[in-house]
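Undergrad: Line by line, the protein sequences give chains A, B and C.
So the first sequence is numbered by this note's numbering: it starts at 1 and just counts up by one.
So the second sequence is numbered by this note's numbering: it starts at 1 and just counts up by one.
So the third sequence is numbered by this note's numbering: it starts at 1 and just counts up by one.
Bear in mind the hints are in silico, worked out from the structure with no lab data behind them.
Incorrect hints may have been included.
Note: identical chains are not told apart, hence a pair may lie in one copy or across any two.
[Stated by the list, open to error] Subject to a maximum C-alpha distance of 20 Å in a straight line, what follows is the list of computed EDC-like cross-link-like pairs (lysine to aspartate or glutamate):
1. 130 - 112
2. 78 - 55
3. 2 - 112
4. 35 - 139
For reference, the chains in residue letters:
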Amino acid sequence: MKNFRKEIVFQTKNRVEFINITGEVQRAIDESGIKEGLCLVNSMHITSSVFINDDESGLHNDFRIWLESLAPHEPISKYRHNLTGEDNADAHLKRQIMGREVVVAVTNGKLDFGPWEQIFYGEFDGCRRKRVLIKIIGE
Amino acid sequence: MKNFRKEIVFQTKNRVEFINITGEVQRAIDESGIKEGLCLVNSMHITSSVFINDDESGLHNDFRIWLESLAPHEPISKYRHNLTGEDNADAHLKRQIMGREVVVAVTNGKLDFGPWEQIFYGEFDGCRRKRVLIKIIGE
Amino acid sequence: MKNFRKEIVFQTKNRVEFINITGEVQRAIDESGIKEGLCLVNSMHITSSVFINDDESGLHNDFRIWLESLAPHEPISKYRHNLTGEDNADAHLKRQIMGREVVVAVTNGKLDFGPWEQIFYGEFDGCRRKRVLIKIIGE
Chain A
1 MKNFRKEIVF
11 QTKNRVEFIN
21 ITGEVQRAID
31 ESGIKEGLCL
41 VNSMHITSSV
51 FINDDESGLH
61 NDFRIWLESL
71 APHEPISKYR
81 HNLTGEDNAD
91 AHLKRQIMGR
101 EVVVAVTNGK
111 LDFGPWEQIF
121 YGEFDGCRRK
131 RVLIKIIGE
Chain B
1 MKNFRKEIVF
11 QTKNRVEFIN
21 ITGEVQRAID
31 ESGIKEGLCL
41 VNSMHITSSV
51 FINDDESGLH
61 NDFRIWLESL
71 APHEPISKYR
81 HNLTGEDNAD
91 AHLKRQIMGR
101 EVVVAVTNGK
111 LDFGPWEQIF
121 YGEFDGCRRK
131 RVLIKIIGE
Chain C
1 MKNFRKEIVF
11 QTKNRVEFIN
21 ITGEVQRAID
31 ESGIKEGLCL
41 VNSMHITSSV
51 FINDDESGLH
61 NDFRIWLESL
71 APHEPISKYR
81 HNLTGEDNAD
91 AHLKRQIMGR
101 EVVVAVTNGK
111 LDFGPWEQIF
121 YGEFDGCRRK
131 RVLIKIIGE
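Could you build the full structure based on these sequences and the hints that come with them?
TA: The structure is reproduced here in structure tokens:
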């Protein structure tokens, strides 16, 4: 069994941002030399997500509005977590809806994907250094 | 390390539908000959889900109503994604709540499940051909 | 390839409760002797979750209130599932938002985590015996 580990670093300019990382994950699979296996991609932070959906800017706008309606950023004082001095309680909630991680199949050295699947880093408390972990096992 | 890959194809009659695929996943494990490992089951599409919950029709009705309240299909014009000519923006949102994939343990050649766990394909934009991927690694 | 399996048992005193199980998962990794691999941690029940977020009591209170607003326990009669004699339909919904499972990387024999990541068992229909499964594969 082979295994491979890599980190990707982000520092977004906006509090909320979606970044397509499909190419970087495929490059990690290439570097690993693994042809058949499973690839875990997870946020190493608790206010951001890794998820799979469509690379369509209108949809990303819909996600932003929808998540804001389900877990609004303001009023800050609405959340007890923000009594710690943080203002990011909403980001912890949004991340639960979008998920922490994806596990994807590696087949014949490629991401084994349907026609529209793309992997995104979803930031909900940006403007600071964040990391995503890629861990691949297989052979 | 062994690995095994299989696709299941669906074409639902309704826009929203939940289909129990536990038997098909266990059959894939049987075919694979893998006794100990991990089994990934994921939708290959971005408007449907694979999830684990109860096989109870009342609950499935509750899911349908609840998801519709959180991410309504109409008005279509509410979503910017639908400006692309699609009418399925809500399906992309519903799928985030229900999830893209499950990873399940394989122990002694069987799905290692609690008493009520059943695997479902959750369709939110049906009446077209869709696929689910099963990828198993182990030995 | 090595594999390792372990169950953790819970019986909470409250209907809704969040329990930090990070130490127990690390102990399972230690027992397994696996240095590089993937570790699945999942609820074996369909009214509870395993998820990764912050170990901060204010945030857990926010989770409780937020989940109650998205999927209220009462009125019991609101849910068709509860016609079966259960009163836990809301717990089945809450668990979909928080997720069934996490898959975490094992690197050099340790949980490969960012600075604040902690694993929680999230109970939404407590006061009865429940189990969490840990399955680790790797070498």
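Undergrad: So, for every hint listed, does it hold in this structure?
TA: Hints versus structure:
no. : hint      : result
1   : 130 - 112 : between (27 Å within a copy, 15 Å between copies)
2   : 78 - 55   : between (33 Å within a copy, 19 Å between copies)
3   : 2 - 112   : both (18 Å within a copy, 17 Å between copies)
4   : 35 - 139  : both (6 Å within a copy, 17 Å between copies)
In this structure, none of the earlier numbered hints is contradicted; all agree with it.
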